[in-house]
Amino acid sequence: MNPLMMISLLAQAAEETPDTGGDMLAGYTVIAVILLAYILSLALRFRRLRAEQALLEPSMEDEQDE
Amino acid sequence: MSASKLKWLTVLSILSALAVVGAAVRVFAFTPIEREMGLVQKVFYFHLATAWVGMLGFIVAGVAGVMYLVKRSRKSHRGMLWDVVGLAAVEVGMVFVLICILTGMIWAHRTWGTWWTWDPRLTTAAIMELAYAAYLMLRAGIDDPERRARFGAVYAIIATISVPMTFFSIRFFRTIHPVLIGGVDPLNSSSMGMTDEMTVTLMISLAAFTLLFATLLWQRIRLGQLNQSLEQARLKLAQ
Numbered sequence: 015m016n017p018l019m020m021i022s023l024l025a026q027a028a029e030e031t032p033d034t035g036g037d038m039l040a041g042y043t044v045i046a047v048i049l050l051a052y053i054l055s056l057a058l059r060f061r062r063l064r065a066e067q068a069l070l071e072p073s074m075e076d077e078q079d080e
Numbered sequence: 004m005s006a007s008k009l010k011w012l013t014v015l016s017i018l019s020a021l022a023v024v025g026a027a028v029r030v031f032a033f034t035p036i037e038r039e040m041g042l043v044q045k046v047f048y049f050h051l052a053t054a055w056v057g058m059l060g061f062i063v064a065g066v067a068g069v070m071y072l073v074k075r076s077r078k079s080h081r082g083m084l085w086d087v088v089g090l091a092a093v094e095v096g097m098v099f100v101l102i103c104i105l106t107g108m109i110w111a112h113r114t115w116g117t118w119w120t121w122d123p124r125l126t127t128a129a130i131m132e133l134a135y136a137a138y139l140m141l142r143a144g145i146d147d148p149e150r151r152a153r154f155g156a157v158y159a160i161i162a163t164i165s166v167p168m169t170f171f172s173i174r175f176f177r178t179i180h181p182v183l184i185g186g187v188d189p190l191n192s193s194s195m196g197m198t199d200e201m202t203v204t205l206m207i208s209l210a211a212f213t214l215l216f217a218t219l220l221w222q223r224i225r226l227g228q229l230n231q232s233l234e235q236a237r238l239k240l241a242q
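If you're matching them up, the sequences are chains Z and S in order.
Using the working numbering, read the first sequence as starting at 15 and increasing by one per residue.
Using the working numbering, read the second sequence as starting at 4 and increasing by one per residue.
In isolation and in its complexed conformation, chain Z is listed as follows (with noise of 0.2 Å):
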């Protein structure tokens, strides 16, 4: 093919198809965040509840004995 062609062709295919890629990062972005913060947010519980429990079963212990 004629170089002269080819570039022609590249630089039309270039303009058909539209610069996107910040949207796409901005998409991904959304994904990442709002998952790891949902895994964040399970974790901070799991330690508050843990800590709740060990504050909680001397107590338990105490009344299961008297």
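Keep in mind that the hints were calculated from the coordinates and are not lab data.
Given the structure is predicted, the values throughout are model-derived calculations rather than measurements.
It is possible that part of the hints are untrue.
[As the list claims (entries may be wrong)] Some chain S residues judged to face chain Z by a derived CB distance under 8 Å, without partners named:
{"no.": "1", "residue": "V98"}
{"no.": "2", "residue": "R150"}
{"no.": "3", "residue": "R151"}
{"no.": "4", "residue": "Q222"}
[What the hints assert, rightly or not] Ranges of calculated distance between the beta carbons of each label pair, as one might list FRET restraints:
{"no.": "5", "chain 1": "Z", "residue 1": "M19", "chain 2": "S", "residue 2": "I62", "range": "50 to 56 Å"}
{"no.": "6", "chain 1": "Z", "residue 1": "T31", "chain 2": "S", "residue 2": "T117", "range": "18 to 24 Å"}
{"no.": "7", "chain 1": "S", "residue 1": "F31", "chain 2": "Z", "residue 2": "L70", "range": "45 to 51 Å"}
{"no.": "8", "chain 1": "Z", "residue 1": "L18", "chain 2": "S", "residue 2": "L133", "range": "54 to 60 Å"}
{"no.": "9", "chain 1": "Z", "residue 1": "F60", "chain 2": "S", "residue 2": "V182", "range": "37 to 43 Å"}
{"no.": "10", "chain 1": "Z", "residue 1": "S73", "chain 2": "S", "residue 2": "A137", "range": "43 to 49 Å"}
{"no.": "11", "chain 1": "Z", "residue 1": "L70", "chain 2": "S", "residue 2": "L9", "range": "48 to 54 Å"}
{"no.": "12", "chain 1": "Z", "residue 1": "N16", "chain 2": "S", "residue 2": "P167", "range": "55 to 61 Å"}
{"no.": "13", "chain 1": "Z", "residue 1": "R61", "chain 2": "S", "residue 2": "I17", "range": "18 to 24 Å"}
{"no.": "14", "chain 1": "S", "residue 1": "T117", "chain 2": "Z", "residue 2": "M19", "range": "36 to 42 Å"}
{"no.": "15", "chain 1": "Z", "residue 1": "A51", "chain 2": "S", "residue 2": "T117", "range": "55 to 61 Å"}
{"no.": "16", "chain 1": "S", "residue 1": "L133", "chain 2": "Z", "residue 2": "A68", "range": "34 to 40 Å"}
The C-beta atom is built at its ideal place from N, Cα and C for all residues, glycine as well.
Take the given structure of chain Z and dock chain S to it, following the hints.
What follows is chain S alone, placed relative to chain Z:
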């Protein structure tokens, strides 16, 4: 939780993380760029996968609601476990539907020239998400665990109607949202045809997000069970 179950959960967590990363690699490196939309079309693979698992979560919550009512009527002690499953499924489902709505808005901004339009699919998806947000808020306002579980079960069963309503909205009403399952609509300007490579990527994304959904659901159920046992302990101590 037994040691063997914990081991399985760890394996599932690692597998789902690897599957999601693998799906992302497949999307970015091995899937062609759609000619008319460009790179933003790549958001669609995870957009559709999150829609699928989000709706799956709400269906699981509906089934858990039915199971809770059945077990409760049989006075089974496992009834409360289904309440935990229902709540976990709603919460995880809401996270995925939120991602679906936000990624859809980003895609719409580029393709339709607007972040939001009151299209039947967008409207029904928003109603579905809000219905489950109301579920969480109303549940949190009930102190008695039995009453709260009964309310949650009935609400989740009724709210399940919003899932087929959202899924079929683009088939029953005139819409600008692309119909992806069941062929390309030549009259719809945002409709897209998929090559075989794109279809494989979509299937991989669906499988990866299904695994991730199972992992998050299981983890959330564990959290719910721990919360429930502590709530019982608090009540006992208060008496």
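Quick rundown of the hints versus the structure:
no., hint, verdict
1, V98, "holds (5 Å)"
2, R150, "violated (22 Å)"
3, R151, "violated (18 Å)"
4, Q222, "holds (6 Å)"
5, Z:M19 to S:I62: 50 to 56 Å, "holds (55 Å)"
6, Z:T31 to S:T117: 18 to 24 Å, "holds (22 Å)"
7, S:F31 to Z:L70: 45 to 51 Å, "holds (48 Å)"
8, Z:L18 to S:L133: 54 to 60 Å, "holds (58 Å)"
9, Z:F60 to S:V182: 37 to 43 Å, "holds (41 Å)"
10, Z:S73 to S:A137: 43 to 49 Å, "violated (36 Å)"
11, Z:L70 to S:L9: 48 to 54 Å, "violated (22 Å)"
12, Z:N16 to S:P167: 55 to 61 Å, "holds (56 Å)"
13, Z:R61 to S:I17: 18 to 24 Å, "holds (21 Å)"
14, S:T117 to Z:M19: 36 to 42 Å, "holds (39 Å)"
15, Z:A51 to S:T117: 55 to 61 Å, "violated (27 Å)"
16, S:L133 to Z:A68: 34 to 40 Å, "holds (38 Å)"
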